[in-house]
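Asker: Sequence:
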Amino acid sequence: MIKNDINTEKLLVKELIKSNEKAFRELFDYYRNDLYKFSLSMVCSKNYAEEIVQDVFMKVWIKRESLNPEMSFKSYLFTITRNKNIKFLKKAANNRKLREEIFYKKQKFADSTDLYVRESELESIKQEALDKLSPRKRKIFEMSRNENKSYEEIAGELGISVSTVRNQMSKSLEILRDFILKNKEIGLGLLLFYKDWM
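In the working numbering, the protein residues as written are 1 to 198.
It cannot be assumed that every hint is accurate.
As the list claims (entries may be wrong) - Derived SDA-like pairs: lysine to any residue, alpha-carbon spacing no greater than 25 Å straight-line: (1) Lys59 to Arg25; (2) Lys90 to Phe78; (3) Lys46 to Lys59; (4) Lys14 to Glu70; (5) Lys10 to Trp61; (6) Lys90 to Lys137; (7) Lys14 to Ser66; (8) Lys90 to Lys149; (9) Lys46 to Phe57; (10) Lys10 to Asn20; (11) Lys37 to Ala23; (12) Lys10 to Arg82; (13) Lys91 to Lys171; (14) Lys90 to Tyr48; (15) Lys91 to Leu173; (16) Lys171 to Asn148; (17) Lys87 to Ser41; (18) Lys18 to Met71; (19) Lys132 to Lys149; (20) Lys90 to Arg145; (21) Lys22 to Lys59; (22) Lys46 to Val60; (23) Lys37 to Asn95; (24) Lys18 to Tyr30; (25) Lys149 to Ser170; (26) Lys18 to Lys63; (27) Lys87 to Leu40; (28) Lys137 to Arg177; (29) Lys87 to Tyr36; (30) Lys137 to Ile160; (31) Lys84 to Met58; (32) Lys87 to Ser170; (33) Lys63 to Asp34.
Quick caveat, the hints were computed from the structure, so don't treat them as lab data.
Generate the whole structure from the sequences, applying the supplied hints.
Answerer: Shown next, in the form of structure tokens:
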């Protein structure tokens, strides 16, 4: 496929919708390296990054008939990949063996000073992410995460409905995750260090 040739890509997607395996292979060959690098930057494991890319294209093949050739295929691929990376990192954060394999392998040669600097950097990034929230969203978010208050308790204290609290939290989490994913270098660290926060 000619690089950045949108029309060629659209034609290939249209062929993919018709179950054309050659078109599928061409799209796979064109995008797999970019998706692999993106996944590797987040999960820090060649094997898991490769598995995620395979899963992404498997999903594309299964869902091929519902593809829209007028939409950006690249954006579609990266959205699926991002979601699979997040799902994997959440799993890693809650699985001791996987967490050690993915995260601590990368950090094992760091001395205590390096680790302290890294944690300070993550805390700074965390605060920068929180600054992206409006004062109201941040208040609700901090009451939930820092004070461990239920949505009902927050609603009662602020004089708003539980559904408003739920909606504000949902929007806040979306804003924070998007911010973290734009900072690929620290995405893994934040998701692991702050799994309870997210």
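Asker: Starting from Lys18, check that the Cα of Lys63 is at most 25 Å away, please.
Answerer: Holds - the C-alpha atoms of Lys63 and Lys18 are around 11 Å apart, at most 25 Å.
Asker: Within a Cα-Cα threshold of 25 Å, do Lys87 and Ser170 meet the stated pairing?
Answerer: Status holds; Cα separation ~17 Å.
Asker: If you draw a straight line from the CA of Lys59 to the CA of Arg25, is it 25 Å or shorter?
Answerer: Status holds; Cα separation ~14 Å.
Asker: Given the hinted pair Lys37 and Ala23, is their Cα-Cα distance within 25 Å?
Answerer: Answer holds: Lys37 to Ala23 is near 22 Å, not above 25 Å.
Asker: CA of Lys90 to CA of Lys149, is that 25 Å or under?
Answerer: holds (22 Å)
Asker: Can the restraint linking Lys46 and Lys59 be considered satisfied, given a maximum Cα separation of 25 Å?
Answerer: Roughly 20 Å separates the two Cα atoms, so the pair holds.
Asker: With the threshold set at 25 Å, check whether the alpha-carbon distance from Lys132 to Lys149 stays at or below it.
Answerer: With Cα atoms ~22 Å apart, Lys132 and Lys149 stay inside 25 Å; holds.
Asker: Run the distance test for Lys87 versus Tyr36: straight-line Cα separation, threshold 25 Å.
Answerer: With a Cα-Cα distance of about 16 Å, the restraint between Lys87 and Tyr36 holds, given a limit of 25 Å.
Asker: With a cut-off of 25 Å on the C-alpha distance, tell me whether Lys90 and Lys137 pass.
Answerer: Roughly 23 Å separates the two Cα atoms, so the pair holds.
Asker: Is Lys171 close enough to Asn148, meaning Cα to Cα at most 25 Å?
Answerer: holds (18 Å)
Asker: Holds or violated: Lys87 and Leu40, Cα atoms, limit 25 Å.
Answerer: OK: Lys87 and Leu40 at ~14 Å, within 25 Å.
Asker: Between the alpha carbons of Lys22 and Lys59, is the straight-line distance 25 Å or under?
Answerer: Holds, at roughly 17 Å.
In the structure shown, no violation is registered for any of the earlier numbered hints.
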